[in-house]
Structures are given as structure tokens and as C-alpha cells.
Amino acid sequence: MPATMNPATSRIQVRPSAEREGRKDYISIRDYGFWYGQKKALDAISLDIPERQVVAFIGPSGCGKSTLLRNLNRMNDLVDGISHEGDITINGRSIYDPGLEVISLRRRVGMVFQKSNPFPKSIYENVVFALRVMGVRDRSILDEACETSLRKAALWDEVKDRLQDSALGLSGGQMQRLCIARAIANRPEILLMDEPCSALDPIATGKIEELIHELKEQFTIVIVTHSMQQAARVSDRTAFFYLGKQIEYDTTEKIFMNPSQAQTEAYISGRFG
Amino acid sequence: METSDKKAQPAPESRFTVSAWTLATDRWMGRVIRVGGVGVVLAVFGMLAFLIFQVFPLFTGAKVASVGVLKVPATAVAFGEDEYGDIPYVVLADGKVVFQRAKDGSTALEWVPSLGGRTVTAVRTYPRAGQVFLGLSDGAVQELRVVYRSSFDAAGKRTVEPTVTALEPMQVGRPGLPCLEVWNAKSPQARLMLVRQEVAGQPLLTAVRLTERKGLGGKAKVTQSEPFVVAADAPSVAKVLLPSTAESLLIIGKTGEVRTYADDGKGFAFLQAFVPFKDSPDAAITAAGMIFGNVSVVFTGRSGEQQIWSMYPQLQPDGKSLRRWGKIHHGERLAGPGAGIYAAEGNKCYLAVAAGELRLINMTTGSLRWQGAAPQGAITQVAFAGNYDRFTALSADGQLHRWTVVDHHPESSWSAFFGKIWYEGATEPAYTWQSSAGSDEFEAKYSLVPLFYGTVKGTIYALLFALPIALTAAVYVSQFLRPEYRQVIKPVMEIMASLPSVVLGFLAGLWLAPLVDPRLVSLFCAIGILAPAALSAGFLWSALPQRLRRQVAPGMEFLWLLPFLALCAWAAWQAGPAVEAALFTVKDSASGLPIADFREWWRQTTGETYDSRNSLVVGFVMGFAVIPIVFTIAEDALSNVPNSLISGSLALGASRWQTVWSVVVPTAISGIVSGVMIGFGRAIGETMIVVMATGNTAVMDSNPFSGMRTLSANIAVELPEAAVGHTHYRALFLGACCLFLLTFVINTLAEVLRQRLRERYKVV
Chain A
18 MPATMNPATS RIQVRPSAER EGRKDYISIR DYGFWYGQKK ALDAISLDIP
68 ERQVVAFIGP SGCGKSTLLR NLNRMNDLVD GISHEGDITI NGRSIYDPGL
118 EVISLRRRVG MVFQKSNPFP KSIYENVVFA LRVMGVRDRS ILDEACETSL
168 RKAALWDEVK DRLQDSALGL SGGQMQRLCI ARAIANRPEI LLMDEPCSAL
218 DPIATGKIEE LIHELKEQFT IVIVTHSMQQ AARVSDRTAF FYLGKQIEYD
268 TTEKIFMNPS QAQTEAYISG RFG
Chain B
42 METSDKKAQP APESRFTVSA WTLATDRWMG RVIRVGGVGV VLAVFGMLAF
92 LIFQVFPLFT GAKVASVGVL KVPATAVAFG EDEYGDIPYV VLADGKVVFQ
142 RAKDGSTALE WVPSLGGRTV TAVRTYPRAG QVFLGLSDGA VQELRVVYRS
192 SFDAAGKRTV EPTVTALEPM QVGRPGLPCL EVWNAKSPQA RLMLVRQEVA
242 GQPLLTAVRL TERKGLGGKA KVTQSEPFVV AADAPSVAKV LLPSTAESLL
292 IIGKTGEVRT YADDGKGFAF LQAFVPFKDS PDAAITAAGM IFGNVSVVFT
342 GRSGEQQIWS MYPQLQPDGK SLRRWGKIHH GERLAGPGAG IYAAEGNKCY
392 LAVAAGELRL INMTTGSLRW QGAAPQGAIT QVAFAGNYDR FTALSADGQL
442 HRWTVVDHHP ESSWSAFFGK IWYEGATEPA YTWQSSAGSD EFEAKYSLVP
492 LFYGTVKGTI YALLFALPIA LTAAVYVSQF LRPEYRQVIK PVMEIMASLP
542 SVVLGFLAGL WLAPLVDPRL VSLFCAIGIL APAALSAGFL WSALPQRLRR
592 QVAPGMEFLW LLPFLALCAW AAWQAGPAVE AALFTVKDSA SGLPIADFRE
642 WWRQTTGETY DSRNSLVVGF VMGFAVIPIV FTIAEDALSN VPNSLISGSL
692 ALGASRWQTV WSVVVPTAIS GIVSGVMIGF GRAIGETMIV VMATGNTAVM
742 DSNPFSGMRT LSANIAVELP EAAVGHTHYR ALFLGACCLF LLTFVINTLA
792 EVLRQRLRER YKVV
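Chains as they are written, first to last, in my numbering: chain A, 18 to 290; chain B, 42 to 805.
Simulated from the structure, these hints should not be mistaken for laboratory data. Cβ coordinates follow ideal geometry from the N, Cα and C atoms, glycine included. Incorrect hints may have been included.
With beta-carbon atoms standing in for the labels, derived distance ranges [as the list claims (entries may be wrong)]: (1) B:Asp67 / A:Asp94: 22 to 30 Å; (2) B:Thr66 / A:Gln55: 23 to 31 Å; (3) A:Gly54 / B:Pro683: 21 to 29 Å; (4) B:Leu608 / A:Glu175: 54 to 62 Å; (5) B:Val79 / A:Glu227: 54 to 62 Å; (6) A:Glu227 / B:Ala578: 48 to 56 Å.
Here are a few chain A residues that sit away from chain B, every Cβ distance over 12 Å (derived from the structure) [what the hints assert, rightly or not]: (7) Phe146; (8) Asp155; (9) Arg199; (10) Ala279.
Okay, the calculated bits of chain A under chain B, using three or more residues with CB under 8 Å as the criterion [unchecked claim]: (11) 97 to 106; (12) 132 to 139.
One chain only, chain B, in its complex shape (with noise of 0.2 Å):
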């Protein structure tokens, strides 16, 4: 009576208030919420700015500001300096050397040469080697050698000291005849030096070679060759190009017409003759030169057009491929005739001088690094530095210009990762990743196109193989297995699907490739036994009485149906050899006798390569990677398509088969496609199987039967040795933002058609 009592009172006020502790949990918690959400929002999209940021300064052109003009004697016909361009010296139509400090143009040392009544007549440096070579007007040729030292003093302060060390002079052209010009070349076997000379109007070119032994002492002993006549049936000379390998020459005629000759050990032989611009009115080159590399020369023309030839292998009339020059670019035309091409230092960029203006071209990818107004005088040379960070010209009014040059990535463009181009030494223009080599003049390619293709390559094989197989499985297991076996099968998949890919790799690369390999044709037949024999158990299983249909209950007709397809592939593995032998067989290359050889066969008929890393391994394996995903997200879109529609459409007469197809199907599909797109996600991205189980060669191949190269895999392999900031390291970013975009367009389209897909079959 008294608790009743009790409970009849009216409840404390406190009953109805909210304690602190669970209103400051609700607030916290949404706020700890709301900052995860955002969170995730930012992580991606700052993920993506870092990719941006990383491969922005690849688009950015070249940054060129001048830092001054030095004033040096209006006689000056050349110039030279050190590495640091601290003190730039020029040289005098009369062969003085003239050493002037940039900061302020004092003098720094003068030097006279002695030349017992001889005249300078021709003068050529080459600011980096330090020489500098005088033409004497008896045809001898006086080589200087400019060194700067360096000293510290007790402050630690560098002073630098320019000397030039004068050698004997040399005959090199034919005597008493004065020399016009002079060149320097070296080969890994001798050194050349060249002179024109003229007689009776008729150009002379003779050159000497130089050999160097190096005794027991460490003393050289220099050997002198014959002076020998080159190039003497060249009616003209306007220019000469001399390599610094000196192993080819290139004279071009005041006609426009180039002729070129190669060392053949003893001279120069005529190799080849072309005329660039035969096509124009006036096919006069205005202007020529040899860009970084020795392999290729631009030419400019009267109205500015410029031509781009290389030395690559070409198909001769008889059969065989010769190294012969021919044209590989056609650069944009300039704003007049070219007056001056000079390549830079350690790329394939050159400036071009026209019209009262610079430019600065990547001679690969034709693209406009830099542009600017040219000074007032004639330019007469441009020196590049090393490190591609500065230039210098020498005007014919006596100024010495200087610029400085940012351009970190040279040989960058849209066109250098997206487009088609005609690399130097290639036969044709092609898509090509190739980022390192063995020599410093290699030109790094890096054309993103082959692992775009790689990576859709190896995404394709993957998905044929892995959407049929887990897509069926995916119907089998929701609408006709017995729920107790999908109980077990559901969570197997799954585990698989968290096999870490590098065992996939491995297991791909080094136990599946070699026992494939042999027994390709026993595979395939295998294989491809599979669904007649698949098909064939379910015409004979419906062709069998209903009494005994009725002793297998409905979702166990496995039992006998995997028995029945393990016996049919093992017999068409075992039959593998036998069909080999029958449509296979090859005259084998090596001994000539028949051999039943897929591989050879492959080879013989197709003409295409056979690795046995290839495309199907990585398909097959990468299939593995995928079919646990594909089919864990359609199993579960399947089994939830509400039991009623099932039903229904049962009851309506249908069989099990219409009833999935017609009705349980169209209703999952949304959810079906979602995880073919995540499939395709996960194949895309894929990096350790490829890298593991495939050669990781760049190709752009359709063939099943050689490897690829993927966006990931790609960045997996590479990044480790490319340098930070470097062209390579940006690239391989770019391949990163290319591969981001692409999941995220494709994931974009396919959650667009899902929502579509399930709006129109949404179930009520």
C-alpha cells in the first residue's frame, strides 16, 4: 500500500532534465564527426594539390633575365669565360686575349700574342674546353689554353687568376695561304683541326690530326699527321658544322644545298646531300648549328623557317639500313631569317637569333621556352654555361651580354607526355618511355601514353578474366547455392580479397609463369573446356527423369557438377600436348626440324614476341585480385533483392533462371555496378603484381603474349632512383595526377550510372 502510494506521487522535475554529460557527449561527438568527414574531404582534395603542385613547374616555360652588359673593345671577334662567368675574356681581331671582371669591367690581365710577323686572320674559342685557336695568316693555327685559378686567401676569400698558356703554332692549312676560319674537334682516338682557306676564290678545307700517347713517364707524346683535303668537291662553303666528336662534317653550300661527310678513319668521306628547304623560293640557309648531342642540326631559312635533321637508321634501296640524315621536325617559323642557331649545354635546347629577336626552343619537342628582344648589334657568338643557367653573346658593337636562365625542365611539354614525337636517332615518331640511360647526352622520354596503355592493357585482361568468373559466382552463390554453403563461401571470398597483391606477384611471377609457360596449350584447353562442358552437364541434367532429378536437392546440384567439370579440364589438360602437336607445330629456327612449339609458333606466325611474363599471367593473377571484390559487392546487391519480387515472379511461372535473369538482376544492378567499377579501381591501381609478374617494359602492344608497363607500376620502379625536382621525379608525379584523374572520372561515371541505374530500379 505505502510503495504504491509512493508511485502515485508526482515524479521530481529532475526526471524530465537532460543530464550535462550526455548533451556535452551529443555536442562532442558531432563536432568529432563533422571535423572526420571533413577530414576526408580535404585529404583527397589536398592529396590532389600536392600531385598538382608536384607537377606544375613541368608546364611553367623558362625564366631568362638579363644581368648586365659588358662594354669590350669594339675589336673583340670572340669570347670565352670561366665557369662561374666572373671574369669573361674576349679576343681581338689582332689575337690579343682581353680578361675583364663582370662586376665592373675592369681589366683583369691582358695578353698579347707572339707571333713573329704573322697576322691573326680567323680566331674561334671554345669557352668551355678553354681554347682558343688563332688562324695565321702563313695557314699555321696557334692553340691557347685560358685556365683560371682559383686561390683563397687567409680570409677565406676566392680570388680567381686568369693565365693563357700559348702552344706552338701549326701548320695546318696549305703554307703562305692566310686561314679564314678554324676548327677544333676530338674523338675518343685523335684530335682534329680544321682551316678554310681560299684559293683563287675556290674554298680550301685542310685538316690535321692530332694523336696522343701517353708514355711510361705520364709524358704525352702528340703525333701530327699529314695536313689532308677535306671535303674537296664541295663547290661552296657558306658554313661548316664540325661535331665534337668530329666524326661527321656537315658543309653547307651558299645554294642551301648540305653536303655531309663521315670519318672513315683516314679522312672524310661524302656521305650524303640534301637541300633543306628545296621546297622554297630561296633555299639558302641563313643560319645552322648543332645541337647538344652531335646528332642533330637545325637549319633556318630566309623567311624564317627552320628544319630539324638527324642522323637515324634508314631503309636503303638495297635492302639495307644505313645511319643517313633526314628531317625530323619542322620548327615553328621564326620572325625573320635566322641569323644565329647555338645550341645550349647538357639538353636539346637552342637559342635562335631572328628579327631582332631571341628565342629559346626545345629543339625535341619544338616548344617555345622563352622569347625576348635581341640587344642592338649583330650577335656574333652565344655561349651557354654548363648547367644551362646563363648565356652570354658577344655583339659586333663590343658588348658582352649576359642572362641568366631558369628552366628546370627543358624537355617538358604537353606534347613531350601526351603526343607523338620524333625523338633523335629514332626512325619515326612514337610514344616513349624511356627515363634513363648510360650517357650524359642521352635525351630522357617521357611519354606517358605506353603506361596509359599498359595500365588499360593490363586492366582489360584482368576484368575479362575476372567479371564473367565472378559475376556468375556472384548469381550462383545469392539465388541458387544452399545458404549454408554461401554462409562459408561468403567470408573465403572475403579473406581473399585481403591477400596482401605482393604474394599475388610473386606466386604469378615465379611459380605460375614458369608452370604456364610449357603448357600454354594444355591451359587453353583447359580452359576454354570449361563452359561447353559446363553447358553440356546442364542439357544432360535437364534431359534426365524428374525421379532422378528429384534425389538431389535444389542448390546441391554442384556435387556432381564440379566432378564432372575438374574430370573435363583435366582431361583437356592432359590432351594439351597432343593438340599442340597437331596445330602448333613449327620448323624450329635452331636445328630446322618440326617441334611442336606454341611459343615458336606464336612467334613465327604472328611475327610478335612472346615473354613469358605476358599479359594473360597478369591478367590471370590481377583476375584474382579483383574477382573477391567484384563479387563480395554483387552477391551482397543480389541477395538483397527483396524476397517478394522473387516470389512473384515464381509464381508468375517463370523459372529459376527467368526469374534471376528478368527480375533479380535488373533489380541488383546498381549495386552490381558498383562493384565492377571498384573492381576496375582496384585493377587500375594495382601496382605489385604487375611490377612482380610482368617484364615492366614500356610497349604499346596489343599482343597477349608480351608485357606492359602500368601508371603504378611505373612509379613504383622509378621513384625510388629518380632525383628530387628533377624532370624524371615531376613526371612520375604527372603519372600519379593522370592516374587520380583517371579512377576519379571513372568512378565519378559510374556512380552517375549507378545512381541512374538505381533510380530506375528501385524497389518499393
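Next comes chain A alone, as it looks inside the complex (with noise of 0.2 Å):
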């Protein structure tokens, strides 16, 4: 409905986005509640991601998007006093099922976190660091996945010559690109991405929102942003989290176009956040 187009909304270009084949349901998570220690992050979230599509979850600072974000691979774990109600699962498998290691958890959901994050070790070394610690000790294999994530982060041409330097020699853009190479070499199903691009500037943040598109073909990719541009243009869906509620969440092209919430349509024009 153009007619009812906000003036601020209608500066963000949505890209349409395609349908693919996929579950439905990949991620779903139920009626979930998350605290620390007495404090309710977390309240009566219901969603469900699809597979292999691109889902950002956006909102105001504290709101609970990132908590959320950390709970799918439970990187929260390491945090002292939380607690949960509801549950997660990931293609039918709740995440907290006594069952699951977290680590094995961990290497089907990957995760690049809003500053790079590079080990002091060589570029090589960063980008096999999760074959290393699965085990894998044939060098024609770790040399192959060390091009092909390279390739899939469109870092391989700007570091092919200087693979034994180290990775702190990097620009920052690059790092970024790093620490998502190093995250798909072990081809994990879900990518986690918390503000990739927030200390970045603009190219790098091309680069990289260039990047999760072509990722999007084989990765589930859930990111948390700030930048309601960036959402616009990366997702397919988005979720709008306030205080830690779900306010909305739909395709992006309808929340951006067409909020059904006020308070989405308040945050998205820029009134408050």
C-alpha cells in the first residue's frame, strides 16, 4: 500500500526477496523467556525462522535482540545466574535436550560477533581454528577449506599471498571477513551475526552485506542490527523486539512498508530508539 508509505520508511529500498525451498519452521522457538538472575531479558518470544533465508532482528539498545541472538548457540551459557522458559529447537531439536553437547550445538550454529575477533595466530591458523579443534589434521583438507571460506568471504584475493602472517595485520573490514570465514570453514547450517558491520565503515559494510547475500544460499543467517537500512537490505524477514517483547515480526518488506504495530512504525521512522 503505497498510499499509506511513511516519509521516512520510504527512503529504505527493500529488496524482494525470492523464496526458496526450505523448512518453514527451521529455527522455531516457543514462548521463550531468558533472565539474569532476577532480570526478565527475555519475554514470551514466538518465531519462527526459515531455512536459508536471512532474518534480522531489529530494535532499540537493550531490548534483547543480542541475548536472543546469543541463546540460539547458547553463548550465554558462560554468563552466571540465567535461566530460560519456553524452548528453542533447531530443526526439531530443542537445544537444551540433556542430549545435545553445546559444543556440537556450537559447530551447526557459527557466529561473528559486532567487533572482529581474530586469534593473535596466522591467518591460516584463524580461518581452520574450527577443523583444528574437531580433529582434523590432513593438511590437503585444511588447505581446501581455508581457500574455499576465504572465497565464500571474498577475502581470498586480498590475503592469498600472506596466509602465514599474522591476522592482526588486517584492516578492520578484513577482520570482519576473517572472523566470517573462520565461522563457515567448518560449514555450519546457521550463521549468527551480531552487528557485523558496527565498527565498520561504509565499503567494508557493502562488502560484507554484499557477502551475506551470496552466503544466504547455503547458511541460515540470523543478525541483529542497528542500522534499520542494513536490515532493509540484507533480510528477508525482520523482527521488531521492544524491552524485551516481540513486537512484530514479518517479512521485512512488510514491516518496513507496512508495520502492523504502531511502535514498529515509530521505531522504523526514526521517533525514538
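Could you use the hints to bring the two separately framed chains together as a complex?
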């Protein structure tokens, strides 16, 4: 309904999403609540993330979007005094299944952090780290995985001549793409991205966004972002959170063009947040 | 309205000026800090400079200066002098004794013997004892006693007046034959007088013993033995060496053979014959001299070669160990054939005269203390002053040459401190530290090598114990333990670091060592069981179903691990005696019955010693001193690894241990290395624990059940008894200097390594 289009949202360009084959409820979050000690950080979240699509979590700071993201691979387990209710399933299996090792969950669900965190090792060793901890010793497999991952992360041409150099000599954008390459090296199914571009300049951001588009052919991607433009550009579906509650979850087009909730509309048009 | 108007007014200029007080403080604080920084650097280098200043004199040679030549009658054959060398005397060939004042050469006294028709055929003086012996033409010997009487006049001026007392001549040699040479020596029991005569070209050595008994009245009664022939089997006599203790006798033959004899109570029994220069074309011995201490002899040959022979226990073919003469050193070659070897008094130096050159050499280390030109005339006698500050030489052209010596550290040299030295009386060259003994003739031994060895040994044992515990504890506390426990453990460990080491040493020596001693096997079992027990506990834990494991919060696993380990250790401790009985049963050397005793087993099986204050105890307790330091620094470094790296690793599917091992430890490695190095420095310099918990024997022995002496403990133990400025004192400073350099080098290397690691594993 172009007639009701908000002037603010009209500036945001939404990339039309192509529906792909795959489970519609690949990741399923049901009545999910989460506490840090006594503080409830998430309340009654229920959403389904389809396979091989990009889902963006947006919302103002402290709304719980990063908390939810970090719970998808149970990174919050490191924090003291956490508890949850409801359930999250991936491909039908609960991530809280007592028989499921958290390590195998994390191998299935890769993660890219807000601030790039390359290890103080060579570029090569960074990329093959996940394979090494899985026990892969075969040099040819490692070499191949390194090249494939770096190519997928669009970094190969820039670093192929200095794979043994320290990863800390790369630029900020390169480091973040290296972290993406590292996360996809052991071929996870899901890639979680926690504000991956917040510390990058526009050119590097553009490259990462291009990358996300290519990666969604193979991975289900969940991205947390503060930039609504970015959410609009890269995602197929968008969830808007506010104060730990899920306000609205729909296709990106719908959220940005015709949100059903007033809060959503207010947030994406820049009236608060 | 009014207030807002005031605010809007332009601020006065003074608002932007900085107060003079702030500027002055800033400037002054800058200066104070600079002074402090420079002061620290200066203090460190000042300390090094002080140490070097103390040590430097050890490596300077002797300073010898000629203080004049005294013209004496040309027929002078022997000389002697008083304590100060003010009025030396010479004995002329006819037995006349002439005293001359050193400062102007004027004659103070001339003494003429009354011999009753006999003539003097041999003269020997013993300047230190004030004895002159005149061998007479009929085989008798007359002893003269030279005494210097000091008197002070009214003005307090000292005048020295020499007197000569002649004793009654004594028949020593075969009557009617002239004495060719005469010697005198004194053993604790008796005095010995020896003369050389010649019968039809064959040498004849005859001796008498004089036993002195003090009666109740205080009057000495001297008994003279019958003259007895000595060394009748010697084919020729070129030179006789009679030690001042008269306990042995060396006859050097004209062909270069040395025949030695030992006092057997009645006479001198043949002991041993050897030819020092048997491998040289000419085996003749041109000069020989007995070194102070009467145990070693220096021989020089025709081409200037020197050999030093000494008496030390040697294994005989029949398995017994007997004291025999053997070569212990090859001296440096002299410029020409040796013309005389004259021993110094009070130390092991000697003056070698050869080819117009004088060399002052230390016998033990072989170091050349001084070298100078010899006077024109052939030197016939040299005498050193008792305190080694002067020596005087008589030359055949009637001149008395006098030198002063400044040589405070004759026994020191690089080889004495760091080399393997064959000390006289020892059976082989060795690194020895032994700074004092009961006798004046004792030669102090200052090898720092055993102390280095002890230092390194103690440090290694301490680190072997401390590093695994400290580092694994640091990893555990920083990465696995819950923060609330960490906040308790950290300060407790820091308090442990401030525990005075004297307390630890006290506990080690007086409580731990006696406690551990009888239960050594139990202790080994208890310690040995810990690692396997911990590992098997880990396996058991991972085999438990998830549901059970979920019951224990992450980081709380130690709550059941600790009791489990304690139980294992207790069981192993209890099982110790059984293990000892099973493995270490030996036959008791005293009763012949089998006993289960590890200590006895160790002694019998390895042949090594077992001390209850041993390296293990030191390592154990010194480890306790080192653990908190290493732990604190390593734990800090590990805790400072950014969480983002840990999260990154965990998110990639690494386990906690994989994260620690492949991300956290490499990132923190520079901090861990500096922790280890600081612990190392602490262990190297640790003093009180070593002093109190070991026997402080300077042995070089890798046996874990023997003690040690470290450089620092050595200083603590011996500095109070070292005389300031003495070689012993400076040797201790040399040890301090070495310790300083050792820690300096190690810390520098560690810092370089740390910087490299930091560069390699730095985090963005």
C-alpha cells in the first residue's frame, strides 16, 4: 500500500526476497523467556526462522535482540545465574536437549561477533581453527577448507599471498570477513551475526552485506543490527523487539512498508530508539 | 533575569590563566620523578660497580719493587734477617757473622766464632727461626742463635740490638770428615740434625735426633741420640730436601732420580723413587724446592720445564690406599734451566730463578704473580718474610738484594675460582669450596663451581615442584573457577608470597624434614597418585550422564574432586609402608636382618649418600616460596585475555580446554613467561630456606637426597667470618657478582623472549 507509506520508511530500499525451498520453521522459538538472575531479559518470544533465509533482529539498545541471538548457540551459558522458559528447537530438536553437547550445537550454529576477534595467529590458522579443534589433521583438507572459506568470505584474493602472516595485520573490514570465513569453515548450518558491521566503514559494510546475500544460498542467517537500512537491504524477514518483547515479526517488506504495530512504525521511522 | 545577565558577561581573562602553584607543582613533580628514575638505574649500576670494585683486586698480580742493594763481604755464603729487615746479617765462609744496617750499610756487629782449631766447612741459616748452623771440619755441627733485642729509649725511639749465642758443638757426622752441608728440622717429638759428608767420593748422610724434655724445674734437658746413617742406598746426592717437620726426606740424585724416605721413628725408611723428567732428553733436576706446607715439591729441569709433585693417597696394587708422591701439576716452562726454587712463607707461592729472570709463581693455580730481571750475580739464597711482604736474595758477588711484595691475593686466579684444580693432598683435580680449616698451613679453596651447581640444582628442584602447580593453578583459577572463589584465592596466594622465607626455612628444616624422613615412600606415593587420580576423575566425570553432570554448576567441579584427591592421597600415604616393604627391603648393614628402609636401600643400591636435609626438601619448600609469585603473575596474564577471544573460540565449537590451550595460553604466554622468570629469579636468589633446610655442603652431586650450598647461602653463612679485604671476603663478593650477572643475563633473556612473544601474540 504505497499510499500509506511513511516518508521516513520510503527512503529505505527493500530488496525483494525470493522464496526458497526449505523448512519454514527451521529454527523455532516458542514462548521463550530468559532471565539474567532476577532480571527478565526476554519475554514470551515466539517466532519461526525459515531455512536459508536472512532474518534481522532490530530494536533499540537493551531490547533483548542480542540476548536472543546469543541464546541460539547458548553463548549465554558462560554468564552466571541465567535461566529460561519455553524452548528453542533447531530442525526439530531442542537446543536444551540434555543429550545434546553444547559443543556440537555450536558447530552447527556459527557466530560472528560485533567486534572482530581474530586470534593472535596466522590468517590460515584462524580460518582452520574450527577444523583443528574438531581434530582434522589432514593438511589437504585444511588447505581446501581455508581457500573455500576465504573465497566465500570474499577475502581470498586479498590475502592468498600472505596466509601465514598474522591476522592482526589486516584492516578492520578484512578482519571481520576473516571472522566470517572462520565461522563458515566447518560448514555450519546457521550463521549468527551480532551487529557485524557496527565497527566498519561504509565500503567494508557494503562488502559484508554483499557477502550475506551470497551466503544465504547455503546458510540460514540471523543478524542483529542497529541499522534499519541494513536490515532492509539484507534480510528476508525482520523481527522488531522492544523491552524484551517481540513486537512484530514479518517479512522485511511488510515491516518496513506497512508495519502493523504503531511501535514498529515509530521505531523504523526514527521517532525513538 | 539578573543572574542570566551576569552569566552572559564576558569572563575575565584570569579565567584562562593557569595558577602558578599548578605549574610549579607540575614542574617539580616532573623533576622528582626523573630523579627517582635515574636514581633507580644508578642504584643498580652502583651496586654492580661496588661488587666489581670489591672483586677487582683478586685479578691483579703481585707488585714487587726493589728497595735497594746492600753491599756485603764477598765471601758471604748465607744470610738472615730480623722481622723488619732492618739489620740483616751474613755468614761468611769462615763462620764470621756480620750484621749490617740496611739503611746505610754500616756494620752493627761482627761476631767471630771460636772453633778451637777446627774450620767451618758448611753454613746454613734458617732466617725465620734465627738459627745458624756451622758444619765443622771434624764432622761436628755448631748451632748459633741470633736474637734481636728491641729497646726503647726515653724519646720512645726503637733501637734494635742483635746478639749471637753459640751453643756447644755436637758431633753429628762421622768424626774426622768435614761436613759439606748441614740441615736442621723439628718434628713435634724431636729435632733432627743432618749432615752430608763424603767418603772416597761416595756421599754419606748422617743424622742425630735431639729430644728435649722439660723438667719440673723448667730446665730443659736435651738428650742426643746416637748418630745414624740416612739414605745409605742413594747412589749420588745432588740436593737434599728436608721438610721443616722432619717427617720425610727427599734425596735428588745427579741423574735426576728422586728418592724419598719417611720417618719411621727409628730412622728414615725408603718410600719411593721416581724420575720427574724421565721423558726429557736430560732427566737432570737443576733446582728443587719444598713449598710451604711440606707436602709439595717443585722440580725444574734443564730446559726450564717445571713439575710439581705432592704426597696424596694413591691406590696401591694390593688395594690399600697409601700416601705416596705423585705429579699434580705441570708448571709453565721457565726461560732457561731452573737455578733455584724458593718457597714463600704462609702461602703456596715460590720464586723461580732461571736464565736471569725471577718469577713469582703460585704453585696451586700455576698463575704467574710477577716477573722481573734477576740481579747480576748468581743467587745463592732467597728468604721471604713471614708475612709475605718482602723477600731478600743473596748473590754470589756479595750483594744482598731486597724487594718488597704487595700481593694480597696470591691464591686467586680465574682458574682458582672457575677451574678444576688439583690441590695438594687431593687425589685428583676437583672443584672445591673450602674456605677455612684448623691449620695455618691449610690452603683455602675458592672454587665457585660447586656453588653454581648447588644454585642451579636447588632452583631446578624448586621449579620442578613449583611450576606445574603454579601454572596449572593459574589456568584453573582464571579459566574454570567461579569468580567468587577466585576473589578469595587470589589475595590468599598473595599473602602466601609475603611469607618470610626464614619461616619457610624453619618449617622445612625443623618440621618437614624430620617428618618426611621416615615416611619418604609414603610421600612419594601420595604425590605420585595425585596426577593419575585427577586424570581418572576427569574420565569418570565425562562418563557420567549429562543429567548428573548438570547438577554441578560449571566451575564447581572441585567440590567433589578435592575430597576424591584427598582420599586418594591419604590411601597412598597409608599404603606407603607396604610399598616400602615390597620394593625397598634390604639387608641392614648393622644387624644383618632384612629391613624395609628406603634410605638404606638408596645408599646400598646407588652408592650415593642420603641426607635428611636434602634437595627434595629444599625444592619442596622453596617451591612454596615460588608458587605464589608465578601463580599471581600468570593468573593475571591469563585473566587479561579478552573475553571476545574466548567467546570466539567457544562459538567455533571448541571445548573449554581447547579454548584454554589453543587461544588463552598462547595469548597470555608473554605474561606467563615473565611469571616463570620472576619465579626463577626468586629461586636463584633464595637464601634463608637453603641455609636452614640443607646441610650447606658444597658438593657437586646430582643426587636428589644430598644437600647443596648455593651462592647466596654461601654469602650468608661465610660473610660474617670473612676478614674484610681478605681473599675469602673478596671471593664471596665474586660469588655475589656472579649471582648478579646470572640473574641479569637470565632476566634479560627472559625479557627479550617476552617481548618477542608479546609481539607475536599481541591482541588487537
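Could you tell me which of the hints above the structure violates, numbers in ascending order? Hints 1, 2, 7, 9, 11 not satisfied by this model.
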